[in-house]
Amino acid sequence: MIPAAFEYARPTTVDEALQAIADGGDDVKVLAGGQSLIPVMRLRLAAPETVVDLARVAELRGVRDDGDAIVIGAMTTHHDVMIDPLVQQYAPLIAEATETVADRQVRARGTFGGALVHADPAGDLPAVALALDAEFVIAGLQGRRTVPAAEFFVDYLTTAVEEGELLVEIRIPKLAGEWGMRYEKFNRVAQAWSIVAVAAVVRRENGRIAEARIGLTNMGSTPLRATAVEAALAGAPASPETIAAAARSAAEGTSPSSDLNAQADYREHLAQVLTRRAVTAAAGL
Amino acid sequence: MTAVEDRPAEAPEREVGKARRRKEDARLITGRTTWTDNMVLPGMLHLAVVRSPVAHGKISSIDVSAAQEAPGVIAVLTGRDVADEQGSIPCAWPVTPDMVNPGHPSIAVDEVNHVGEAVAVIVARSKTAAQDAVELVDVDYDLLPAVLDMEQAVAEGAQLTHDHLESNRSFHFVFDGGEAGTGVDTDQAFADAEVVVSRRFVQQRLIPAFMEPRSVVVQPQGDNYTMWSSTQVPHILRIMLAMVTGVPEHKLRVVAPDVGGGFGGKLQVTPEEVISLLVARRLGKPVKWTETRSESLMTAHHGRDQIQYIDIAADREGNVKGLRCRILADMGAYLRLVSPGVPVLGAFMFNGIYKFPAYRFECDGIFTNKTPTDAYRGAGRPEATFAVERIMDELAVELDMDPLELRRKNWIRAEEFPFTTVAGMTYDSGDYETATQQALELIGYDELREEQRRRRESNDPVQLGIGVSTFTEMCGLAPSRVLGSLSYGAGGWEHAAIRMLPTGKVEVVTGSTPHGQGHETAWSQLVADRLGVPFEDVEVLHGDTSSSPRGLDTYGSRSLVVGGVAVVNAAEKVVAKARRVAAHLLEASEDDLDFSGGTFSVRGTPGSEVSIQEIALATFAAHNFPEGMEPSIDADATFDPENFSFPHGTHLCAMEIDTETGMAKIRKYACVDDVGTIVNPLIVEGQIHGGLAQGIAQAMFEEAVYDADGNLTTGTFVDYLVPSAADLPHFDTGNTVHEAPGNPIGAKGVGEAGTIASTPAVVNAALDAVRHLGVRDIRMPLTPERVWRAIHQGGDGGDRATAGTNAWGGAQTETTAGVSTPQSALGGDQ
Ligand SMILES: Cc1cc2nc3c(=O)[nH]c(=O)nc-3n(C[C@H](O)[C@H](O)[C@H](O)COP(=O)(O)OP(=O)(O)OC[C@H]3O[C@@H](n4cnc5c(N)ncnc54)[C@H](O)[C@@H]3O)c2cc1C
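Taken in sequence, the protein lines are chains F and D. The numbers in the working numbering rise by one with no breaks, and the one at position 165 of the first sequence is 165. The numbers in the working numbering rise by one with no breaks, and the one at position 820 of the second sequence is 820.
Hint data in this document are derived by calculation from the structure and do not stem from the laboratory. There's no promise every hint is true.
Partial pick of chain D residues on the chain F-facing surface, computed with a CB cut under 10 Å [what the hints assert, rightly or not]:
1) Lys-127
2) Thr-128
3) Gly-604
4) Met-663
Think of the CB as a built atom: it goes at the ideal place given N, C-alpha and C, for glycine as much as any other residue.
Take the sequences, apply the hints, and build the full model.
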């Protein structure tokens, strides 16, 4: 299938890109890895007037150490994120989840920032970013602002990035103390999106779970935190029984959809099982 | 003529049996070949098809004016514009004399009957211009209720798929062993039986999903037309196009260049082929149509889709007494080339490898407002095999017998071949016991049963099951007279020709058209052995009705066992002619000549010999030729088999089921197949692997799902799950060899065996894993959700929600709008 005709701009800096967006007319789309945008354009579910391709904006690529956080450029590909030593050291959860994204070909093109701005409810990285309390640096012609993960994911395929703006980088705070992480993804074939997935980040202290942060993938129109489970686990002994009991409230406050892969009640059930498994692994049990 | 000095003393190694790498693969895999869509002709125009977004409706108006004025558009044609010349897509298999065929216009004229049906075609200077104009065609529909459920479709007072027909029933086909004299009375057998088990099985709808989407190019030259099409059946297509469009057969050449897979999905005369020819004829210009993947999934014919009501009768000791099958087979909205024949082929296979004294088969072909169904790998036989292998397990449970023991008790024993079954088929050769023993060893059956016991006792959340499928199938389609007796519109012979070139190289012309099977390699091996020429010296020509004028193409695992035999027979004729020339050149009697390794030698006269290559050159020169013999040693042959061939085998699947999530995962898969003589072990292994992948896919992954409005919601590969190697287990394969007595190669078909055999093995394994938890059935595909529901809520797992998944912004098909909103990241144009 062939996309409808569009204008094309290929800037080399963030400033140029913002200008190109401003000049691009009513309906401008930013092109990152194209792994979500191009298929939808080919199906003519989207027909932007102008496409602004970020491929040549070098400053958006790469991972750097920024003291208390690591900073991932929005245009860093899934592949580059996965193999990055800083990511592996400070946020292995991102590497683990990214490894489950699609296949090699898609990971070679798709980007960390693209996946987050796209905010596909079945996408793997939003829940991970949420569990890691990531911060999103958004640039507009008026300057830059930083949005916490809790405010970034607004609705189905909708984020805090406004028209005319760009996501430029994602800051992942370094965690102090003894943390364990696990991404439990449930899908039917190897290269597919999550039916449900759970990202667990757990800090252990003296045989207890001091803190647990749990991100849920595809349990609503945005990624969610399993707050009831987090509350039940805070300060609880790190035992299989407590974790199993806490995980039973994983679906509280969620509103999963019903589709070919799963009806809502089954998704709720999966969330509980996967939360138990993810927390158990993250707690080192 | 000098004899060649350095000839090896020993006969060359036999080609048949060698694991040759396929000579065609390099060009196919790298794409350095002419796929239809690669064809570019001067002045070529491009077609795009406007398709119905509704499942059932009257076309109240079509406005094409905006499309007609769009840049680059040459013409826009509606069904009305071609109503007088488009005829009907042919159905070549009227399975009963009173079969109802509603007629199948290539472009809908008054009424649309499934989503995706063509309503207009755009002709433009570029593919882009054609595609842009599709959205400009304005069609109004008066909606009619859509018929989507077969059981409702046959109920009293049902809505109609075609409102000019009286019912949704196309045909009612019966085979009754009692009436045919092949068995005893079925009702009596059931009345007398000690045990009767009845089940309803659902064969979900599948999509062939070949790798290369369909593509057609037509070039008019005066009143001649050449069509290139990505088809399995160039010969059949030529005849049918001539009959449908009135272009005389001799003015029409059809070419299937390299074709990227078909699986039965390209055994068709498609609306788009007819439309392309009509447009080329009308405009006098070359045209091309190539489908998109979503068009392909939505409109290329589908497969399977049956509801099966199966009753089995037995005594308490486990001796089967009777089998009764009532089938509802979904034809979709129209009858295509062999749609009705698919379930009818199955009629002769439901009894499987067992000695049922009584058997009755009844099938209703049903119309629904969905894409038509037709052949898909196995066509009728997977459905039959599934039913019998599943019901045997159910009977074993009822009798509290080991499923293998029950099978053993009832299957045909090795010494009973050839065996005429209750369905009237004569099974040619085999040994089910030996294949089963080997398969049990391959999979490590006893250890697995032990592990299963441990997991059950410890209440392990992951349970283990072992499933059996001891299958046979009929293939090598087919004896022409049998096809005739089943009212099929053509014969089942195959043709081949061999041309000896002056330099000693060999051209083999075959009527079976490959689309990925490896004909060029296998035929070269056959010919190399028969003519004693090097494998590399053989070129195989195929798929062009001008160079390969006679043929019946490739389907039904027929190529080797029918087409390959024609090649062998032609080679024998070449040798016979060459022998006469050799005798002349060597001044000897034909009877005194030995032929070995490509050389004729005079018995008892060392050094007096001539090679077949030398004979080829001598024939070309024709200076010194036998008196009265025409100067040619070329030959052709047409082979019509006497019987089908009946490959068989035992397939075993070990399945792990995570009872907490319902996730099913194949732990081990072993199979031992008997496909007769193996010409190329690598090709056989490849066919088995691919076949297993598709059979397992039916059991676990694939399903064409329609929503309540008749939209195909599995309209992309995001939702129609075709497994990759990463999703499949390692396969442990083996063979036993019982030569097919019906052909000189001794081979049986292998193309469909893996698909036919594997599906019930997988489902039986899943049930074996969780039966102790109260599960009696799980519907295919075994999605984790269905398995989980069957375990925790009872029933067979139920219907799936029909909405497409939300990944990709809900992109589904081109006709079901996505669910992206104006605020969403992708913007909302729809
Ligand atoms: C076959 C296949 C399988 C997949 N499987 C998975 C999977 O299992 N899990 C998973 O999580 N994902 C999966 N994906 C999606 C993949 O991760 C995509 O790469 C990702 O969702 C989008 O990233 P992209 O760089 O390709 O973005 P694009 O497609 O280029 O853009 C996506 C959207 O984000 C916007 N955008 C991108 N970058 C920016 C920016 N810097 N600022 C503002 N807006 C921006 C675009 O305008 C567009 O609307 C799969 C994709 C494919 C094709």
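Each hint, compared with the structure:
no.: 1; hint: Lys-127; verdict: holds (7 Å)
no.: 2; hint: Thr-128; verdict: holds (5 Å)
no.: 3; hint: Gly-604; verdict: violated (67 Å)
no.: 4; hint: Met-663; verdict: holds (7 Å)
Comparing the model with each earlier hint shows a violation of hint 3 alone; every other hint is respected.
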